[in-house]
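K.L.:
All chains, please: the whole structure from these sequences, using the hints.
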Amino acid sequence: MEEKDSNKSGGKGEWKDKKITPDLWEIRYAVTKRRAGKAPKGSGALVGTGYHWYIMAHQKVIKLNADDYTTVLPGLKYKIAHKRAAKGNWSASVPAQRKTWLKFLKEMVAQLEKEPVPIKFTYNDVEYKGEGIPVPGACGNGVCYDLDIKLNGRHVGMLHRLKSWKIEGVDDEKFVEAIGDVVTLWYE
Numbered sequence: 002m003e004e005k006d007s008n009k010s011g012g013k014g015e016w017k018d019k020k021i022t023p024d025l026w027e028i029r030y031a032v033t034k035r036r037a038g039k040a041p042k043g044s045g046a047l048v049g050t051g052y053h054w055y056i057m058a059h060q061k062v063i064k065l066n067a068d069d070y071t072t073v074l075p076g077l078k079y080k081i082a083h084k085r086a087a088k089g090n091w092s093a094s095v096p097a098q099r100k101t102w103l104k105f106l107k108e109m110v111a112q113l114e115k116e117p118v119p120i121k122f123t124y125n126d127v128e129y130k131g132e133g134i135p136v137p138g139a140c141g142n143g144v145c146y147d148l149d150i151k152l153n154g155r156h157v158g159m160l161h162r163l164k165s166w167k168i169e170g171v172d173d174e175k176f177v178e179a180i181g182d183v184v185t186l187w188y189e
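By the count of my numbering, the sequence shown reaches residue 189 at its end, each step adding exactly one.
Worth flagging that the hints you see were computed from the coordinates, not collected in a lab. Worth double-checking, as some hints may not be accurate.
Said to hold, decoys possible - If you anchor each label on the Cβ, the simulated ranges turn out as follows:
| hint | residue 1 | residue 2 | range |
| --- | --- | --- | --- |
| 1 | Ile21 | His83 | 26 to 36 Å |
| 2 | Tyr188 | Asn125 | 19 to 29 Å |
| 3 | Thr123 | Gly43 | 17 to 27 Å |
| 4 | Asp173 | Thr71 | 12 to 22 Å |
| 5 | Val48 | Ala93 | 29 to 39 Å |
| 6 | Lys130 | Ile63 | 37 to 47 Å |
| 7 | Lys107 | Arg29 | 21 to 31 Å |
| 8 | Lys121 | Lys13 | 20 to 30 Å |
| 9 | Ala37 | Leu163 | 32 to 42 Å |
| 10 | Val48 | Glu114 | 23 to 33 Å |
| 11 | Glu189 | Ala93 | 39 to 49 Å |
| 12 | Gly143 | Ala40 | 37 to 47 Å |
What the hints assert, rightly or not - Straight line, CA to CA, 20 Å or less: simulated EDC-like cross-link-like pairs of lysine to aspartate or glutamate:
| hint | residue 1 | residue 2 |
| --- | --- | --- |
| 13 | Lys80 | Asp147 |
| 14 | Lys78 | Glu108 |
| 15 | Lys84 | Glu108 |
| 16 | Lys61 | Asp172 |
| 17 | Lys121 | Asp69 |
For every residue, glycine included, the Cβ atom is placed at its ideal position computed from N, Cα and C.
P.N.:
If you want it as structure tokens, here you go:
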């Protein structure tokens with residue numbers, strides 16, 4: 002199920018990263034998110050409600066000059082626990098949260114170990130070749146409608162099927178439909 006883009010950043014966030022090893026970095030990002038419009042009266046969670054999410058994402062970085070980089074962070078977030086405003090405590094203990102987190106990671110590993118959906122097509126005289134990795138929990142009756150797409154050695158984004166195929170950040174609808182057509186044929 003697709004979430005509507007109802008949250009917008011309330012301002013510039015603060016991104017910090019610190020090298021632990023050349024291939025492992027600690028990251029921290031903090032920002033206040035705001036709705037694009039006003040919340041309907043009586044809707045949504047109560048003030049004080051909290052959520053603990055685990056995020057698994059791709060960070061795409063391009064160096065612009067000596068001091069600046071662009072950063073895009075597409076990925077998945079998985080709910081580990083929540084805290085109701087009135088109760089003040091989390092829905093799961095710390096050990097139970099760790100078990101939920103481990104279950105999610107095991108599902109991700111199992112999905113990554115499966116054969117990905119092979120993707121190969123030509124669009125605007127360019128040959129594209131890559132794969133789609135189905136998202137755990139987004140499959141039913143042997144068909145997956147949410148896939149993490151990689152083409153020609155780069156991450157493209159998360160392919161979603163609703164009324165039509167969509168990839169956040171990819172505006173060429175015909176290109177996205179071409180990817181979706183290959184995925185549909187593979188499952189038939």
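K.L.:
Hints first: check each against the structure and report whether it holds.
P.N.:
Status of the hints after comparison with the structure:
{"no.": "1", "hint": "Ile21 x His83: 26 to 36 Å", "result": "30 Å, holds"}
{"no.": "2", "hint": "Tyr188 x Asn125: 19 to 29 Å", "result": "25 Å, holds"}
{"no.": "3", "hint": "Thr123 x Gly43: 17 to 27 Å", "result": "52 Å, violated"}
{"no.": "4", "hint": "Asp173 x Thr71: 12 to 22 Å", "result": "20 Å, holds"}
{"no.": "5", "hint": "Val48 x Ala93: 29 to 39 Å", "result": "22 Å, violated"}
{"no.": "6", "hint": "Lys130 x Ile63: 37 to 47 Å", "result": "23 Å, violated"}
{"no.": "7", "hint": "Lys107 x Arg29: 21 to 31 Å", "result": "26 Å, holds"}
{"no.": "8", "hint": "Lys121 x Lys13: 20 to 30 Å", "result": "41 Å, violated"}
{"no.": "9", "hint": "Ala37 x Leu163: 32 to 42 Å", "result": "20 Å, violated"}
{"no.": "10", "hint": "Val48 x Glu114: 23 to 33 Å", "result": "43 Å, violated"}
{"no.": "11", "hint": "Glu189 x Ala93: 39 to 49 Å", "result": "40 Å, holds"}
{"no.": "12", "hint": "Gly143 x Ala40: 37 to 47 Å", "result": "39 Å, holds"}
{"no.": "13", "hint": "Lys80 x Asp147", "result": "18 Å, holds"}
{"no.": "14", "hint": "Lys78 x Glu108", "result": "13 Å, holds"}
{"no.": "15", "hint": "Lys84 x Glu108", "result": "24 Å, violated"}
{"no.": "16", "hint": "Lys61 x Asp172", "result": "18 Å, holds"}
{"no.": "17", "hint": "Lys121 x Asp69", "result": "35 Å, violated"}
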